[in-house]
Amino acid sequence: MTKNTLATGLIWLASILVSGVFFWLLSDILIHGLPHLSWSFLADAPKNAGRSGGIAPIIVSTLLILAVAMVTAAPLSLATAVLLSEFTRYDSVFGRLVRRSLDVLAGVPSIVFGLFGNAFFCIYLDLGFSILSGGLTLACMVLPILIRTAEEGLQATPNDYRLAAAALGMSRSAALVHLLLPTATPALVAGLMLGIGRAVAETAALIFTSGYVDRMPDSLFDSGRALSVHIYDLSMNVAGGDANAYSSALVLILILLIINSIAMSLAKHWLHRSDVTV
Amino acid sequence: MSLSRADRQLATLLRGCALLAAAIVLLILLFLVKESWPVLRHVALIRFVSDASWHPVDGLYKLTPMLSATFYSTLGAVLLATPLGVASALFSRYYAPPFLAGCYRRLIELLAGIPSVVYGFWGLITLAPLIGNLHPPGVSLLAGILVLTLMILPTVALTADAALAAVPIAYLRGAAALGLSRWGLISGVALPAARSGIIAGIMLAAGRAIGETMAVLMVAGNVVQQPLGLFDSVRTLTANIALEMAYATGDHRAALFVSGLALMSTVLVLVGTAELLAREPHHD
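Protein chains in written order, with the working numbering: chain A, 1 to 278; chain B, 279 to 562.
Bound conformation, chain B alone (with noise of 0.2 Å):
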């Protein structure tokens, strides 16, 4: 079917409006690459690590105890969320009653829509002094790691409860009809089955805890040391920008964007693993 004049017109229109949409993601790129050349352009990657300490002032760039910060705290939000958030998928689908399991599964999506802000204040005035009663001075990153936690659990929760969806009703009744027990049917069949989806889930949530700033930068504590506890006040890589943008001038504030580089590439690593898992055919 040929498209008459005005069609053509129309369609050149939005051709313009989807490249620019399209164009953002280079833009974004671009600037962050402008902003951090002065510092990338003197600075030898490695100074990142091997630097003495953070002070960016006086040309020292150590960024190791802010990433061990930002890792340290997905990796214990994540190993928390998982099981909790695969534990809610299969609690909405295979064992709550009807009504319950919609009820859950409302109360899953409004946690997802509850502000980061939210979250941090609710884990700074409630969360870090039951954490400093424990062990002084609360905000910590442990704290950090629960407020996480709960932050990054309704994407898990979520995607996994989308990929039990997708597992072939045949292969339920399949196990069903061989007399597994219910235990038996999730851990043997539809687990298995869905494993891609729940993989890919949490590669995205890991990419939301890197990528979080305002929860961790009201709950733990903002020191620059490396962690050595749970206990310890720490300070993640998007707390070190949101802190220090205020007041950064020149090769500072460049570091400031040679860390969003860092960032951004490490969350575009995860969630491209995490579509190429989703895309990956799991069921024949």
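Looking at chain A on its own, in the form it has when it is part of the complex (with noise of 0.2 Å):
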């Protein structure tokens, strides 16, 4: 008995301890990011390396740079989803063997992309340091996440669709884009929300891809800094710049809370939906 009730103690201490840590962890950035946010510390350019100013041309950079990364990865995974759930069977050689290689994908360590996206984007197909390079980089990274959640919500739209599109002898594609797709629709915004969210998060991977650049982006092919990046680089690199790090990783907390929020509630809802309909 005495073992259960030291074992009862043991875990409720542990949890006690991991919330601790969190919330000491998001107060302290609270308390010394909140002063510095303001409206012009969104829209202002940063000053003296960062250390006075704002965050404006990051912001521009980081979302051109998950631009860049959507536009290309989220094609390639809805096509790649729909292959493996609609085009062929479960246990199929193909369908195992691209199953397999995207496991791999998604356990190569984010320093190990950024290596990969110099030596091929930046140098081998010479787009230099730019948020091009930045971006396909961070597309690779995320198409394990993209077409895992894509694959998941076209699997469970209910069979019955199928079945009824064939007997109303709707060709595969026109059963798709007309029911298939429609239903998984929020299933596929999530995960398009947790590959954003990852990308969002990113730092190794980008800081030999699109650069350090501060200044604001004139093209996809110029070098532009990324919100973790800026925040890498006031912490470590620039003495004094503390207090815009943590105002920029505030912001950077807040983004990726708002993305998952969305991806949540838009999960919830779809699995509410396909409640109904089965």
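Treat the hints with caution; some may be incorrect.
Under the rule of at most 25 Å between Cα atoms (straight-line distance), these lysine to aspartate or glutamate pairs were calculated in the DMTMM-like manner [what the hints assert, rightly or not]:
(1) A:K268 - A:D126
(2) B:K312 - A:D218
(3) A:K268 - B:E387
(4) B:K340 - B:D510
(5) A:K47 - A:D160
(6) B:K312 - A:D103
By construction, these hints were calculated from the structure, which means they are not laboratory data. Just so you know, these numbers come straight off a predicted model, no measurement behind them.
Please assemble the complex out of the two chains, which come individually in their own frames, going by the hints.
Structure below.
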């Protein structure tokens, strides 16, 4: 009986410890980041290597990198997911091969993506340190997440839809466009949000692909500094950059929280809907 | 059911896309090997261990200080995160009242979503000075271990939670019918039944810890030296790549790609093992 009590105590203690550290981290960033956070911080360019001024060009670069990553990765992953879920049997050799290779891709460390992006996009394809290189590197990185969530979403659509469409003589493509994709849309968007979340949080893969330049980018071939790289640079390489690093970290966390909540509510909405239709 | 012509065309297009997606991992391997080839060609692998020091510009490629830093920081983080993560999963599944369990699970998910650079920043500003008060310089192996622990804890907790959820309810009812205490039920029935899933989660977490760059780069001090204690500044394999890629050229650059290749292989072995473990049918 004492063992039981001891275990209960330890498990509560561990959970309180974990929550405590979580709130410590969050409150630390809130307390130090909030005072500096203002409209001008979001709308101004960084001055004095980022010690003062704002983060406007950095937000623009971050959004551009994300846009490149998602515009490339989303169609590719949707096509792959549709193939895996609708056009191949689950146990086919081709399907297994693709799934296995994506599992491996999901395990590759982000710094290795950075090395690859630098060697392939920056140098081999001659894109240089640019928003395009960074975005394409991130596209490779988020591909496994996007494909897995899209595949799950498609597989969760009721099989009755496929049978009914076939009974009506609809082609597979028509059933896909008019029935399956619309039904799976919330799941697809939720997956997209997860991918964006992962991409926004990424730093190591971007340092050697999209680079450090903190000016407003003129085109996708310019180097652009992502928000996460900005936090890294301010805290490691710029003495006295901590205040702005705190505010940037707060902005990054807020962006992630918003993306995360959208993904969660969509996933919930979609679960609810499939409950009703099955 | 035969496919129409349009369907067959679509299938071909999709197959092309899937092939492209599947080929990326091969492309990554190919480019890692291509870029590290200049060094791999004329430097024997043993020299990455047996050389006198890490001075790649002078042709000295000793990677052991970085390898041991990566090893110790991962080991420490796994040793700390495993009990905390498993306890977290047990808490939300068997101990907490339903409302609290939901909140706690959400908290762990949020913890998983915090970017590594934010962990690193917080560790550098808050944790490292605290450790520095105890024993300078503060940016140390210990700081690296603690930040990594926080980062991989959600992986352990969420996979353990999923593994515990998959334990057949009949096992638990049987244990309850035998009059086992709550801890008796957990230690005698639930944990053994969920064991392979939990171990798979720990493997995945170890893979994340080895591959993590930003957090350790920011808190571990980055001195190339064999760590002798928890308070020593160390540089991990990933941090070494991040720090030196900016200016490395020629053989130096190739040596960094070699360490990238080594990282990728290690992580792949871990992920592969985790997958095998997870697939092993653990409930009859």
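For each hint, the structure was consulted:
no., hint, result
1, A:K268 - A:D126, "43 Å, violated"
2, B:K312 - A:D218, "33 Å, violated"
3, A:K268 - B:E387, "15 Å, holds"
4, B:K340 - B:D510, "19 Å, holds"
5, A:K47 - A:D160, "60 Å, violated"
6, B:K312 - A:D103, "23 Å, holds"
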